[in-house]
Amino acid sequence: MKIIVCVKQVPEITEVKIDPVTHTLVREGVPSILNPFDEFAVEEALRIREKHGGEVTVITMGPPQAREALVKCLAMGADRAILLTDRAFAGADTWATAYTLSLAVKRLEHDIILCGKQAIDGDTAQVGPELAENLGIPQITFVKKVEVDEKARKVLVHRETEDGYEVIECRLPVLLTAIKGLNEPRLPSLMGIMSASKKEIQIVTAADLAVNVEEVGLKGSFTEVVQVFAPEPRQKGTVVSEADPDSAAKRIVEFLQAQAII
Amino acid sequence: MSIEVKETCTGCGVCVRACPFGAMKVAEGKARIGDACTLCTVCVRSCPYHAITIERPTIPVERFAEYKGVWVIAEHEGGTLKAVSFELLGEGGRLAKGLGGELAAVLVGNDVAGLVKPLGAYGADKVYVIEHKLLESYTTDAYTDVLAAVIARHKPSIVLFGATIDGRDLAPRVAARLRVGLTADCTGLEIDEKKRLVQIRPAFGGNIMASIVSHSRPQMATVRPRVMKAPKPDETRNPKVERVEVTLDSVTVRTKVLERVTELTKPSEKIEEAQIIVSCGRGIGKQEQLKLAYELAEVLGAAVGGSRPIVDCGWLPHQQQVGQSGKTVSPRLYLAAGISGTIQHRIGMQSSDTIIAINKDPEAPILNLANLGVIGDLFQIVPKLTEQLRALRQAKELR
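Top line first, the protein sequences correspond to chains W and B.
The opening position of the first sequence corresponds to residue 136 in the numbering used here, with each subsequent residue numbered one higher.
The opening position of the second sequence corresponds to residue 4 in the numbering used here, with each subsequent residue numbered one higher.
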């Protein structure tokens with residue numbers, strides 16, 4: 136099985152704030168992590184390899200420091216890592232990201248492509264399906280269970296729905312997006328961390344992909360962020376301390392009546 | 004835009020059967036493309052010899068004016084329209100007015116004619132009906148094929164999808180097929196002075212808001228359910244109906260849904276559709292104590308949600324988890340009992356209209372977010388609250 140996992144390095148979003156004066160994102164000092172949903176994707180890829188053999192390649196597009204996210208994947212056990220990095224790739228929206236990734240993925244053998252369901256910074260959940268379309272392969276999103284039938288070259292997948300799940304069969308190659316619950320991602324072992332530091336990370340630039348720089352990054356994007364602003368703060372509420380549960384409950388009932396909720 | 008048949012074509016006719024629009028034929032041993040072609044790419048995928056190629060260049064700005072009106076992709080299940088469809092019609096109607104165009108709904112399914120009338124009642128001036136037995140239930144391939152084709156043919160200026168499980172699977176696929184931009188999970192939409200659609204959405208877990216415009220047409224967005232208001236239906240409205248005939252082949256539908264399993268059957272388990280959510284966190288202590296939440300939910304007509312720790316313990320299914328690794332909800336009322344309110348949880352519920360929190364810890368961050376925060380013991384307060392609400396309900400029923 137040739138498995139490709141697309142990952143993203145994201146800021147620890149709990150730390151991201153808007154500068155009240157400049158109205159821009161404050162990123163200084165914000166730690167970066169491997170997108171949590173991508174950990175499920177990497178873990179599943181490793182489990183498929185452990186069962187069926189093959190190779191796990193992780194790939195990301197980002198600034199040079201995004202290699203840290205790849206190092207973590209290597210430490211978890213991925214075989215090799217590719218970093219798509221070029222100034223021309225900067226400012227890409229989901230389309231331009233998916234398009235650029237597709238150019239790199241097309242050059243690699245792939246039976247299964249795994250992505251996290253979404254990245255926690257943008258929360259779009261769009262790059263997976265847009266990548267699948269660019270590659271012309273089927274997709275199954277929001278996956279919580281995967282079984283691979285190597286002989287028949289098929290997967291049997293449970294896809295989460297609003298009230299349960301669908302059991303879906305699909306021939307390879309296929310792109311899957313992982314949700315929480317698909318598995319329990321492993322922690323990198325000491326051995327893994329040591330061998331990861333020795334593995335080479337392949338750097339791929341726009342020139343390597345032979346791409347027209349007008350079609351990637353900000354220039355190749357179809358959407359443009361025209362403004363960022365802080366969300367309106369919630370109105371300050373009332374906090375009460377009532378020793379007697381009956382009167383505490385009564386306060387809630389009165390509040391619900393005043394708000395015309397009941 | 005162009006579609007080409009290469010020399011490798013053997014005239015086998017697979018594409019003729021695969022084309023949803025009857026645009027292909029075989030003449031002189033080669034596939035030929037007729038005027039009915041919508042560049043939907045089904046033939047490209049169906050061709051065993053990879054002999055068909057499509058180039059779809061980006062639409063230049065000068066041609067944006069050709070794109071008119073607002074389209075809403077209607078979502079339905081079990082013969083009824085989902086609430087998000089009505090919300091989209093309400094919002095779509097407002098945008099259509101701002102643009103000075105028509106509001107159309109697109110209804111994809113099998114035997115769905117009965118849904119035309121309600122779409123009209125909620126504001127659709129026109130309904131495109133696409134029916135086929137292969138569209139009976141949702142699949143990425145079949146729905147993308149027909150929608151991308153019908154959008155390319157009719158050129159709406161704006162296309163809105165619900166940001167539901169299926170909407171978020173379908174919209175990016177359609178957008179990529181058409182080579183246009185897409186904005187995910189919008190919570191606000193406006194028409195600016197240049198008649199562009201401004202798409203407003205939270206990012207970084209709701210810590211910031213972003214306004215986004217598209218440099219491609221149609222302008223496409225998915226819209227978060229329960230944020231937009233559904234209009235009052237007008238049963239006297241009769242929308243124009245345009246039937247779109249398609250022929251689909253099961254060969255081009257590459258995923259096969261073998262089974263649909265329903266795990267959550269009760270309204271109390273469906274947090275996305277709920278007006279009121281009673282949610283519990285670590286403070287609930289034991290799985291058995293969750294019954295306090297279900298009892299309160301029952302009198303309020305609410306659904307029961309939970310924060311990550313109790314879902315990780317296996318006390319509540321993942322579908323009922325609120326927060327970053329679960330669901331984002333914005334009900335009219337969110338009642339949090341025994342939830343401290345970590346940032347990861349707040350991301351999932353801070354856009355609720357009204358928040359009530361019960362917590363024994365006066366330092367719990369959730370209290371800062373709450374419209375009403377009650378410091379106290381949930382094991383005593385929640386049963387009392389249930390009791391008082393039940394008494395109130397009975398008194399109302401007697402009147």
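Fair warning: there could be bad hints in the mix.
[Stated by the list, open to error] Straight-line distance between alpha carbons at most 27 Å, and here's what the computed BS3-like set of lysine-lysine pairs gives:
1. B:Lys136 to W:Lys289
2. B:Lys289 to B:Lys136
3. W:Lys241 to B:Lys289
4. W:Lys137 to B:Lys259
5. W:Lys354 to B:Lys198
6. B:Lys269 to W:Lys279
7. W:Lys137 to W:Lys289
8. W:Lys371 to B:Lys363
9. B:Lys259 to W:Lys354
10. W:Lys280 to B:Lys259
11. B:Lys387 to W:Lys279
12. W:Lys280 to B:Lys273
13. W:Lys279 to B:Lys330
14. B:Lys289 to B:Lys198
15. B:Lys289 to B:Lys330
16. W:Lys385 to W:Lys280
[Said to hold, decoys possible] Chain W is nowhere near these chain B residues, computed Cβ spacing over 12 Å in every case:
17. Gly32
18. Lys85
19. Arg97
20. His135
21. Arg171
22. Thr239
23. Glu245
24. Glu262
25. Gln290
26. Arg335
27. Ile350
28. Gly379
29. Leu392
The hints are simulated quantities; they were obtained by calculation from the structure and are not laboratory data.
Where a beta carbon is used, it is the ideal one built from N, C-alpha and C, also for glycine.
Quick check: which numbered hints come out false for this structure? Result: hints 2, 3, 9, 11, 14, 16, 18, 21, 24, 26, 27, 28, 29 break, sorted rising.
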